[in-house]
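S.K.: Each chain, letter by letter, is given below.
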Amino acid sequence: MHPATTPRDTRSDTRLLAVDRDTGAVRDGDIADLPALLRRGDLLVVNDAATLPGSLHARTKDDQPVELRLTGAPDGDTVRAVVFGAGDWRTPTERRPPPPPLRPGDLLHLVASPDGHVLKHLSHAPATPADTSTTPAPSAAPSEHVPEDLSPTPGPVAPMSPVPSDLSAVTATVLAVDPRTPRLVQLRFSVRGAALWAALYRLGRPVQYSYLGASLALWSVQTAFAARPWAAEMPSAARPLAWSTLLALRRAGVGVAALTHAAGLSSTGDPALDAALPLPERYDLPAATIAEIHTTRARGGRIIAVGTTVVRALEGCVDAHGELRPGPGETDLVLSADFVPRVIDGLLTGMHDPSESHFHLLRAFAGEAVLLTAWRHANAEAYLQHEFGDATLLIRDLAA
Amino acid sequence: MQTTSTISTALITGAGRGLGRALARQLAARGVKLVLVARSRVDLDAVVAEIQAAGGEAHALVADVADKQSVFPVAHQAAALVGPIDLLVHNASSLGPTPLRLLLDSECEDLDAVLATNLVGPFRLSKVIVGSMALRGRGVVVHISSDAAVEAYPTWGFYSLAKAGLDHLSRIWAAELAGTGVRVLSVDPGEMDTAMHAAAIPEADPATLADPAAVARKILVMLDDPARAPSGSRQSAASWEVA
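Quick mapping for you: the protein sequence lines, in order, are chains H and Z.
Start counting the first sequence at 19; every next residue gets the next number (our numbering).
Start counting the second sequence at 6; every next residue gets the next number (our numbering).
Rather than coming from a laboratory, the hints here were simulated on the basis of the structure.
Take these hints with a grain of salt, some might be off.
What the hints assert, rightly or not - With a cut-off of at most 20 Å between alpha-carbon atoms, the simulated EDC-like pairs for lysine to aspartate or glutamate come out as follows:
| id | chain 1 | residue 1 | chain 2 | residue 2 |
| --- | --- | --- | --- | --- |
| 1 | Z | 38 | H | 93 |
| 2 | H | 79 | H | 124 |
| 3 | Z | 38 | Z | 55 |
| 4 | Z | 132 | Z | 181 |
| 5 | Z | 73 | H | 27 |
| 6 | Z | 132 | H | 93 |
| 7 | Z | 38 | Z | 181 |
| 8 | Z | 38 | Z | 62 |
| 9 | Z | 73 | Z | 114 |
Could you build all of it, start to finish, from the sequences and the hints given here?
M.R.: This is the structure in structure tokens:
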């Protein structure tokens with residue numbers, strides 16, 4: 019199957035392959051057919067995490083370039099990251115050189131992405147005449163490379179402001195290196211709160227892979243309802259859902275409910291690390307969503323997860339507590355062929371072929387024969403895969 | 006429909022001064038967690054310090070609402086800092102060049118700039134935030150308008166055009182979001198004693214102008230009265246009395 023190599027401008031220009039998980043019957047269509055394929059009383063559950071600008075470039079104290087890919091949103095001032103040596107997304111991850119050896123205590127200086135785009139920022143915009151005389155000179159203009167050796171601003175920072183006036187002077191200290199692989203590290207940033215978020219959004223870019231044709235804009239990797247930026251990679255199964263489709267679903271009596279799940283990195287190119295994925299991920303499950311799930315089940319409706327991140331959050335929660343519990347949590351649930359879902363009846367996902375580990379996760383929702391039949395059909399019909407590709411709906415009782 | 010008792014988070018643009026600052030202080034006093042956006046860090050830091058000193062929670066985001074590149078960063082940083090946004094107040098606004106001038110004496114580029122701040126920017130920010138409101142079935146969007154949106158005052162052309170567009174944007178949002186639980190209002194605050202008013206009409210007697218804090222109190226009352234201020238409606242602060 020071919021990958022989609024560029025984001026589609028119009029969400030609803032996405033093909034949808036509907037598959038009956040028991041009979042293997044398939045039906046070709048597009049994403050706007052969802053309301054017709056589902057029944058009044060069914061419930062879609064989506065992941066409303068926004069996608070982080072989680073790829074950051076940095077220099078070591080010996081001036082070696084590294085790329086950091088955050089595995090999720092920072093918790094206070096700390097974050098877990100996968101470190102790559104020189105280069106960027108254009109090189110397949112498995113061919114990226116390893117980073118220079120890192121030890122606890124090592125300092126990394128965040129720098130502008132080599133793609134050159136730096137978000138315009140206004141922290142130096144003079145607000146009053148008095149301010150201009152005491153503000154340090156503005157740092158690099160947009161598109162200029164920010165020097166890596168800027169020392170923390172010595173200038174007069176107002177006591178109530180935690181924000182250094184030069185956001186590019188943010189550093190990250192290595193707190194720990196994972197015993198499984200030297201590429202996985204725990205970092206502590208030199209700033210937190212609004213100052214940290216401002217730095218991430220000014221210097222970071224979305225994580226992306228080498229099959230794409232061009233550098234991604236932040237808005238290309240967001241769903242139509244994204245809120246908190248918790249996801250290291252886009253919860254891509256929900257990307258094709260335009261509001262025209264969502265409102266049509268609700269008019270048809272199909273519920274749409276939300277949870278937030280910190281989708282992690284899908285691939286690192288490091289066999290030891292890839293074998294350990296997915297790492298534990300946090301989620302937040304609203305009480306309102308749990309109520310909708312119970313109502314749906316009570317009246318015989320189907321619960322359809324939009325993406326495997328929703329499966330991890332819901333089934334992980336039940337797995338850990340024996341029931342759905344509202345609020346924040348963390349899951350280390352790993353889906354596999356013999357996993358039996360307790361909450362979810364169906365799945366809206368991307369197109370996955372048998373060479374991907376993701377294909378095997380789908381075994382929790384359909385037998386191998388059904389999945390292979392669907393895959394052969396999708397291949398013959400030239401469906402596209404990966405995060406900007408087409409969609410698959412795996413459900414019971416697919417309408418004829 | 007949401008009222009201030011169920012609003013737990015808010016994002017206010019143009020929050021460094023005037024009405025935005027007054028709204029921020031009053032919402033913070035009711036326990037709403039705030040993200041404040043403005044171009045000037047100095048102004049924002051002062052408001053944040055004031056709110057924190059009073060025991061409230063507020064975060065400063067320095068950004069220009071007219072800048073397309075800032076839209077997703079502002080929306081997502083806000084949600085990262087306080088959670089999904091329940092109340093979005095589009096208060097930032099530009100008069101264009103002052104002293105105000107006739108259309109025949111105005112530059113076309115200045116129209117682009119005024120529309121970017123007063124109309125296109127609010128649309129873009131709503132587009133990114135309202136989706137999460139509609140998904141969760143709760144949220145309020147407030148557009149700060151002006152009587153210049155309705156009356157044709159000479160020399161107020163660009164500002165008036167943008168505010169007229171903003172009023173209509175409110176109505177279209179409300180029509181499209183009917184049934185989702187998201188309420189969209191347009192509010193004419195009336196003439197207030199603010200830096201913006203002084204730039205537009207330097208000769209005005211401040212004693213004849215409303216205190217932004219009084220107008221902010223009226224807006225909170227509107228938020229609490231969805232029956233009288235339903236989604237899609239345009240409200241004038243002058244017709245609301247606050248005890």
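S.K.: None of the hints should be skipped; say for each whether it holds.
M.R.: Here's how the hints hold up against the structure:
no.	hint	in the structure
1	Z/38 to H/93	holds, 19 Å
2	H/79 to H/124	holds, 8 Å
3	Z/38 to Z/55	holds, 14 Å
4	Z/132 to Z/181	holds, 12 Å
5	Z/73 to H/27	holds, 17 Å
6	Z/132 to H/93	violated, 28 Å
7	Z/38 to Z/181	violated, 28 Å
8	Z/38 to Z/62	holds, 5 Å
9	Z/73 to Z/114	holds, 17 Å
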